[in-house]
Each structure stands twice: as structure tokens, then as C-alpha cells.
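K.L.:
The residues making up each chain are set out below.
There are 2 protein chains.
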Amino acid sequence: MSLLVTGSVAIDTVKTPYGVSENCLGGAAVYFSMAASFFTPVRLVGVIGPDCPFDLAEVFASRDVDLAGLEIREQSKTFRWAGTYHKNMDNRTTDSLELNVLAEAPPTVPDSFKDSKFVFLANTAPRLQHQLLEQVQRPAFVAADTMNCWIEDHLDDLKSLLEKSNCLIINEDEARMLAKEHNLIKAGEIILDMGPSVVVIKKGESGSIMCSADGDKFILPAYPAAEVKDPTGAGDSFAGGFMGHLAQSGKTDFETLKAAVAYGTVVASFTIADFSLKGLNSIDRSDIDSRFETLRKLTQF
Amino acid sequence: MSLLVTGSVAIDTVKTPYGVSENCLGGAAVYFSMAASFFTPVRLVGVIGPDCPFDLAEVFASRDVDLAGLEIREQSKTFRWAGTYHKNMDNRTTDSLELNVLAEAPPTVPDSFKDSKFVFLANTAPRLQHQLLEQVQRPAFVAADTMNCWIEDHLDDLKSLLEKSNCLIINEDEARMLAKEHNLIKAGEIILDMGPSVVVIKKGESGSIMCSADGDKFILPAYPAAEVKDPTGAGDSFAGGFMGHLAQSGKTDFETLKAAVAYGTVVASFTIADFSLKGLNSIDRSDIDSRFETLRKLTQF
Chain V
12 MSLLVTGSVA IDTVKTPYGV SENCLGGAAV YFSMAASFFT PVRLVGVIGP DCPFDLAEVF
72 ASRDVDLAGL EIREQSKTFR WAGTYHKNMD NRTTDSLELN VLAEAPPTVP DSFKDSKFVF
132 LANTAPRLQH QLLEQVQRPA FVAADTMNCW IEDHLDDLKS LLEKSNCLII NEDEARMLAK
192 EHNLIKAGEI ILDMGPSVVV IKKGESGSIM CSADGDKFIL PAYPAAEVKD PTGAGDSFAG
252 GFMGHLAQSG KTDFETLKAA VAYGTVVASF TIADFSLKGL NSIDRSDIDS RFETLRKLTQ
312 F
Chain F
12 MSLLVTGSVA IDTVKTPYGV SENCLGGAAV YFSMAASFFT PVRLVGVIGP DCPFDLAEVF
72 ASRDVDLAGL EIREQSKTFR WAGTYHKNMD NRTTDSLELN VLAEAPPTVP DSFKDSKFVF
132 LANTAPRLQH QLLEQVQRPA FVAADTMNCW IEDHLDDLKS LLEKSNCLII NEDEARMLAK
192 EHNLIKAGEI ILDMGPSVVV IKKGESGSIM CSADGDKFIL PAYPAAEVKD PTGAGDSFAG
252 GFMGHLAQSG KTDFETLKAA VAYGTVVASF TIADFSLKGL NSIDRSDIDS RFETLRKLTQ
312 F
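Quick note, the sequences are listed as chains V and F, same order.
Going by the working numbering, 84 is the number at position 73 of the first sequence; the sequence numbering is gapless.
Going by the working numbering, 219 is the number at position 208 of the second sequence; the sequence numbering is gapless.
Calculated directly from the structure, the hints in this document are not laboratory data.
Careful, some of the hints might be misleading.
Note: identical chains are not told apart, hence a pair may lie in one copy or across any two.
Said to hold, decoys possible - Keeping only pairs whose Cα atoms sit at most 27 Å apart, straight-line, the calculated DSS-like set for lysine-lysine is:
hint, residue 1, residue 2
1, 214, 175
2, 98, 197
3, 289, 197
4, 308, 170
5, 228, 98
6, 175, 262
7, 228, 125
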């Protein structure tokens with residue numbers, strides 16, 4: 012089934028203990044699309060400025076990513092982020108941030124995308140996520156991401172968005188903040204009461220937890236990556252693998268959701284093995300399936 | 012097969028956000044024995060002073076724990092530990108520590124225990140672990156625990172012990188310190204090179220990783236405990252469930268080791284649900300098996 016993503020296209024500068032990647036392509040919609048396109052065609056909705064040095068048609072040349080929803084806003088500038096990952100990669104600091112197009116009105120969802128059935132609303136202001144979602148006619152499964160600043164300062168907008176979403180994909184600190192509960196299982200249940208039927212809580216190198224409103228739960232460790240060079244895009248790649256598998260299979264029962272979490276986990280493990288999109292660009296679907304089977308073998312008893 | 016544990020019997024005072032448990036029974040050998048006795052008979056080797064207010068024969072009355080190796084050292088005093096777990100339980104401080112008997116010569120392994128096949132050397136100075144192990148005639152599978160102070164200050168003794176051990180059960184910070192490597196998969200492989208054929212790295216609420224010298228790996232999340240009142244004894248209960256299952260089955264192939272990690276995980280989840288031994292005292296083997304099946308269901312895809 013059709014899969015739509017709304018989110019950022021970014022010019023990133025990333026420093027990690029393994030090196031520096033200056034002015035490279037990043038952004039949630041880019042990582043998501045690259046990840047999900049291993050599974051199913053993707054429709055991308057985002058905005059860039061004329062300063063964007065990347066030809067996205069070329070970037071996605073070998074992928075089934077429809078760029079009809081990519082707006083080039085002549086009077087504006089592309090979103091830029093610069094950050095540094097510190098020793099052990101377990102925390103990062105933002106060195107500079109230029110919201111540019113992201114501080115403006117959201118892009119328009121093209122008519123040809125309005126019948127999308129699977130929708131991923133990457134992180135941005137919940138009010139903008141609303142405005143994007145309203146442009147889709149009858150979505151079957153809507154997943155959203157969010158972050159601490161929206162939980163702190165735009166909680167009513169976020170709660171209203173959650174009432175219209177089927178799934179929230181969120182990291183552990185954000186889940187605790189949103190639920191006001193440290194225990195992640197309890198936090199997941201509190202978030203389910205806010206509206207979504209599925210909550211996926213990402214715990215970085217400790218894996219992820221999924222809870223459903225039917226009371227089902229799933230816990231999966233992260234793939235044991237021997238090499239982590241750049242964690243940027245891990246979360247959006249996870250979401251891409253997750254939503255890509257759901258859209259490809261056209262199902263959202265708990266067994267399919269479990270496999271989707273495993274696919275998200277595996278795709279993210281390739282992303283973090285190299286800078287920017289290099290990790291995802293150097294593999295094909297068979298690499299993902301092979302690592303999926305390895306992850307199954309590593310965790311089954 | 013026969014299972015021997017050498018380790019501490021303690022008088023603990025524990026403070027957590029859920030309450031205070033003063034002068035309660037604790038110690039590695041106690042938690043280990045209580046946990047392992049769900050699986051197989053246990054032989055306990057340890058020392059207490061005449062000040063010990065607990066009648067261990069009564070404590071283990073309903074369990075198959077042989078106390079022939081429990082020495083009451085008249086001129087000494089029982090090991091005492093007092094600690095506080097802080098908000099979220101993810102770190103603790105030691106409020107006071109009286110080594111007493113633990114600073115003296117190790118106990119004697121009784122003749123009736125010398126034919127033990129499975130041996131767990133709970134945490135103490137590696138030199139003492141050596142002296143205890145030397146008293147066992149032909150052990151089939153020896154697992155050891157250790158901690159940061161021995162890695163820092165008694166590394167040669169520890170490395171010599173590892174050459175004689177089949178398995179090291181260690182927490183993640185200690186594994187990183189011992190291997191001088193942050194990545195836990197790499198750390199596990201470095202530790203395997205020191206001698207043991209199996210390394211189990213415990214990551215607290217993030218579960219555990221097991222690596223074998225044959226190249227096999229296993230990753231298991233922690234059981235998602237909704238209630239954590241007192242983490243004291245979690246590691247020794249894990250070791251008890253792990254070694255208990257191995258000794259009960261009499262096998263140490265990787266499939267059996269994987270199930271042993273799952274049993275250790277489950278037993279520890281009962282320990283932390285209440286203070287001191289209350290969590291382990293309120294269950295029977297069927298509760299463990301039921302949670303084992305739940306853990307399997309939670310993690311399989």
C-alpha cells in the first residue's frame with residue numbers, strides 16, 4: 012500500500028569520534044525515504060530552499076521515491092543542523108541550528124499523494140503535523156514522531172495529534188517525559204490512553220519496546236553493531252524500515268508489527284555504520300533480510 | 012548435576028524510594044542459593060560470625076540447600092553492607108561496609124562438596140576465589156563473578172582465575188573496564204581471549220549479552236518488570252537461575268546456555284519486585300516457568 016512521509020530535508024554537519032561530515036545530506040524525510048524504499052515505493056513531502064546543494068532526484072535515482080511533494084521555496088533557505096556526538100556516542104550536542112523553511116508554513120501534499128494509506132509524520136511542531144495530516148484523505152495507519160520541546164511547550168497540540176494517530180514512535184526519554192512515568196512499560200500504557208493503538212519506544216543501543224492497546228507487548232534488543240560511526244538518522248531509518256514493512260505487507264496486526272520493529276532495527280543498524288546516507292547506500296534488500304535473520308537467531312531461545 | 016556456590020552471607024540495610032529494609036538477610040551466596048534451588052540442589056560455602064541474627068537452616072527450610080559449608084567463625088563478625096538506591100534505581104551508593112569475615116581466610120569446602128561439578132564463585136578477591144576453586148576436585152563448569160576493584164587492583168590474579176574458569180558473569184561497566192573496550196560485543200570477545208569459553212554481560216534493565224568462544228552470540232532483554240522495589244541481589248539471582256538450569260540439565264551447549272540466560276533473567280525479575288528475599292520467597296517453580304514462557308513470547312518474532 013502507498014506510503015507517505017512528511018519531514019525535513021537537511022544540510023547536516025556532523026562530528027563524531029570517527030570523523031567529520033560537513034554539509035552532508037540529512038533530514039528525517041531523507042533517512043526515512045531511503046530506508047523505506049527498500050520495502051515499498053515512498054512519497055516524500057518536504058521543503059528546501061534554493062541553497063540546497065543536493066539533487067534529490069539523483070540521490071534517489073535508484074530508489075522508488077516520488078519527489079512530487081518536494082517544494083523548493085525560492086525566498087527561503089534549507090534547514091541546517093550541526094551537531095557533535097561525544098565519546099561512546101551516547102549523547103550529542105547541537106552546535107548550530109537554522110530552522111529556515113521549517114519555521115514557515117508546511118508544504119502542500121500534492122493531489123497525487125492524497126490517497127496515501129500509510130503515513131509517517133516525522134518530527135516537527137504538532138500543529139504542522141496536523142496540517143499535513145489533514146491533507147491526506149483516508150489514511151489507514153498514521154504514525155508520528157515527536158520530541159521533547161513539543162512535549163514541554165505544545166502538549167495540547169500533541170495530545171490532539173495523538174488522538175488522530177494510530178502509532179507513536181518515540182525515544183525513551185521523550186516517552187518518560189510525555190507519560191510522566193519512568194517505567195517504560197507503564198509509560199507506554201499511559202501513552203496508549205492518549206489515543207494511539209500502538210506505541211514504539213526506542214532505547215538506542217538497548218533496543219525497543221512496543222505496546223499495543225490490545226495489551227500485546229514486544230521487546231527487541233538493538234542489532235549488535237560492531238561499528239558505530241554516526242548515529243544521525245538512526246531513528247528515522249528505524250521508522251522507515253518499520254513503516255516500509257507495514258506498507259509493503261498492507262497489514263498492521265501485532266505479528267506484522269513485530270516484524271516491522273525488527274526490520275526497523277536492522278535498517279537503523281546499517282545507517283549508523285557510516286556517515287550520512289553512506290551506510291544505506293552501500294546495501295541492498297538482501298543485506299537487510301540477511302541481518303533480519305541474524306537478529307532472529309541472536310534473540311530466539 | 013551437583014552445584015556449589017561460594018560467596019557472602021550478609022546483613023544488609025537497603026534504602027530505596029519504596030522504603031527501607033534494615034538488617035535484612037542478603038549476600039551473594041544467599042541470593043544465588045535461593046534462586047538456584049528452584050532448579051537443583053545447592054551446596055553453599057560461606058562464613059558468618061556469631062552475630063548473625065538469621066537461622067539459615069530455617070531460611071532454607073523448604074529448599075534443597077546444603078549448609079554443610081556454612082562456617083560460623085566465633086572470633087569474627089558477619090559481613091555487613093548498607094546502601095541506598097536513588098531515584099529510578101539506576102545507581103546506588105554504599106552507605107557503609109564492614110567486611111569482617113570477608114577480609115579473612117576463605118572458608119573450607121567440606122569433603123562432601125569436593126566432587127561438585129558446577130561451581131559458581133561469587134564476587135570476592137580473585138585470590139580467594141582461586142583458593143576456593145582449588146578445593147574442588149574436578150569441576151565440569153566453573154563460573155565466576157568479579158567487580159571493578161579487583162579489575163583495577165588485582166588484575167593479574169583475576170586473569171589467572173579466568174584461565175581456570177569456563178564462564179565469567181559480569182556487568183557491562185565491569186566488562187568495559189576489564190576489556191578496555193566500550194563496545195560490548197567487542198568487549199565480550201576480548202574477555203573470551205582471557206580464557207573462559209562463555210561470557211555473560213549483564214546490562215541491568217537493558218538485559219544481557221552472551222558470547223561464546225565458538226562465535227555464538229545471544230541477546231536477551233530484561234523481563235519488563237512493572238514493579239522494581241529493591242534491585243539488591245538481582246545479579247546473584249540471575250547467576251543462580253543461570254547455573255541452576257545448567258546444573259539441572261547437566262549440559263552447557265549454547266542452546267542450553269541461552270535458556271539458562273532466560274531463566275536467570277526471569278528469576279532476577281522476581282528478586283527485584285520486593286525487598287531482600289521476599290520476592291523469591293513468594294513464588295514457586297511454576298511462576299518461573301510461566302514467566303519464562305512470557306519472556307519467550309515477548310521477544311520472539
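K.L.:
Now tell me if each hint is right for this structure.
P.N.:
Comparing the hints with the structure gives:
1. 214 with 175: Close inside one copy (25 Å), not across copies (37 Å); limit 27 Å.
2. 98 with 197: between (31 Å within a copy, 16 Å between copies)
3. 289 with 197: between (37 Å within a copy, 23 Å between copies)
4. 308 with 170: Close neither inside one copy (38 Å) nor across copies (31 Å); limit 27 Å.
5. 228 with 98: Intra 33 Å, inter 26 Å, cutoff 27 Å: inter-copy only.
6. 175 with 262: within (19 Å within a copy, 53 Å between copies)
7. 228 with 125: neither (32 Å within a copy, 46 Å between copies)
Checked against the numbered hints listed earlier, the structure breaks hints 4, 7; every other hint is satisfied.
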